[in-house]
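Going line by line, the protein sequences match chains S and L. So for the first sequence, the numbering used here puts the first residue at 1; every next one is plus one. So for the second sequence, the numbering used here puts the first residue at 1; every next one is plus one.
Each hint should be verified, as a subset may be incorrect.
In silico BS3-like cross-links for lysine-lysine, where the CA-CA straight-line distance does not exceed 30 Å [what the hints assert, rightly or not]:
(1) 109(L) to 113(S)
(2) 26(S) to 211(S)
(3) 190(L) to 113(S)
Treat the hints as calculated values from the structure; they're not laboratory data.
Listed below are the residues making up each chain.
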Amino acid sequence: MQARKGQIAVIDYQMGNLFSVVRACKQVGLLPVITSDPAVIQSSDAMVLPGVGAFGDAMQNLVRLDLVSSIRDFIASGRPFMGVCLGLQLLMTESEEFGHHSGLDIIQGRVVKFSTTGQDGRTVKVPQVGWNRIYLPAQTGKTAWQDSLLHGIREGEFMYFIHSFYTIPDDVRMAASFTNYEGTEYCSSVAWNNVFACQFHPEKSSTEGMKIYENFASLVKHREKENE
Amino acid sequence: MSKNIRIIPRLDIKGPNLVKGIHLEGLRVLGKPEQFARSYYDSGADELVYMDVVASLYERNSLHDIIERTAREIFIPLTVGGGLRTIEDIRDVLRAGADKVSLNTAAIKNPQIIRDASRKFGSSTILISIEAIRQPDGRYLAYTDNGREHTGIEVLAWAKQVEELGAGEIMITSIDREGTGRGFDIDLTKAVAHAVTIPVIACGGAGEIDHIRQVISDAGADAVAIASVLHYDIIRSQERSLDESNEGNQSFLRSGRTFSSITPAGMPAIKEHLSRHGINCRTTRSEEKFRAGT
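Kindly generate the complete structure, drawing on both the sequences and the hints.
Below, the structure written as structure tokens:
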């Protein structure tokens with residue numbers, strides 16, 4: 001199959017609604033294709049791994065559809081990759097969701113659940129549903145998001161989240177942003193080489209979230225020019 | 001740090017029109033839903049809800065075109081409800097551009113659809129709408145079809161059951177207060193918000209800004225759905241610029257004769273009020289400009 005230039009593989013592994021990711025890609029001039037075909041993935045210029053739902057089911061589906069090595073190989077090839085929501089969590093080594101599950105292990109780290117009891121003993125609503133701020137990692141001393149898909153977004157900007165679990169990368173340098181939900185500070189996005197993945201939904205985060213898709217589109221187009 | 005409360009404009013839609021049900025009076029046409037939705041998006045709405053208010057009668061949701069047009073230019077979560085009966089119905093509105101679906105009648109007739117739909121599309125996609133009417137003995141019972149159909153189901157037991165079945169959120173509407181402008185039913189919202197650990201959206205009764213604060217502070221609502229207060233603010237502020245050929249009885253609305261119970265307010269003013277009372281909510285650049293200008 002001849003891939004179109006600038007084709008984005010949006011991975012369909014039967015975990016939730018892919019349509020909003022597809023619309024966001026189109027909005028910024030990308031050419032999304034919903035696929036679970038390793039050949040289509042192999043011929044694409046970039047990948048989005050979306051998804052909502054349970055980690056264990058998701059990994060099971062990826063294994064059943066023979067997508068694990070396709071995703072790993074794609075990321076190893078250096079092409080732009082964006083994970084959204086479950087698409088961030090799946091990159092980790094393992095999850096404690098309903099027992100123990102192994103992940104794609106692209107970023108070493110764990111996925112854990114929000115506690116339903118807050119520090120002051122109050123009940124915390126889980127899942128977190130709604131808007132929350134993203135902050136620069138304090139440890140790195142950076143003052144702005146310069147070299148990731150968060151480029152151009154203000155520190156403290158609001159993004160839209162729906163999730164019960166969050167990621168803890170072993171290497172804190174991989175965290176691109178942090179977020180605080182009811183007293184729990186956690187990694188809300190990672191950026192490492194060609195990988196960007198976020199817990200929030202940029203395609204549902206208004207004009208600020210759409211900047212991430214715009215940055216993704218610029219990255220894809222920039223690479224196209226370089227390869228010409 | 002306390003979480004951010006969501007303010008969600010609720011647009012009741014009949015055919016191509018935004019309508020508003022007036023308690024014991026019926027529906028009035030206010031204008032084109034897309035125009036109102038766009039304005040709410042620009043002014044910092046956290047999500048949107050579209051309800052097909054006559055769909056139940058025909059057992060089908062007819063909002064696909066409006067959903068498609070909305071999803072092309074609005075990048076915040078859109079929940080669609082009204083007349084959704086099957087997994088296929090849900091898939092169709094998600095494909096058209098909805099992010100979540102709201103189920104009421106279908107869930108009451110067949111609770112298993114909650115489990116099936118949340119497995120298929122993710123819990124976060126499935127919102128259960130509960131329409132409650134207070135009984136003379138103080139209990140709340142669930143109704144369908146905008147309070148027309150009695151189910152005999154007790155609201156709190158139902159709320160717990162839908163959570164167990166995998167619903168991601170509950171929207172609790174007081175039919176007694178809906179369209180009255182007398183404020184939310186605090187007892188009802190509080191009881192539901194405490195009965196479940198999933199987020200609860202309060203709906204029905206907002207007549208002024210401070211009602212919104214009350215249902216958050218006093219009842220523990222995680223989000224608030226609002227119609228008249230916001231719709232009438234748009235009608236008021238866009239009075240001149242709105243297309244004169246617009247369908248609807250706006251001159252009637254503008255006269256303010258029967259809507260003395262509603263004090264209109266826009267999204268920035270609502271959030272400003274909440275922030276001033278220590279309630280966290282998302283602010284946008286347009287709201288910061290609004291604050292700078294006042």
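Has the given pair, residue 190(L) with residue 113(S), been kept, meaning a C-alpha gap of at most 30 Å? holds, 26 Å
Is the straight-line distance between the alpha-carbon of residue 109(L) and that of residue 113(S) 30 Å or less? Violated: residue 109(L) and residue 113(S) sit about 33 Å apart, past 30 Å.
With the threshold set at 30 Å, check whether the alpha-carbon distance from residue 26(S) to residue 211(S) stays at or below it. holds, 13 Å
Consistency note: the structure conflicts with earlier hint 1 alone.
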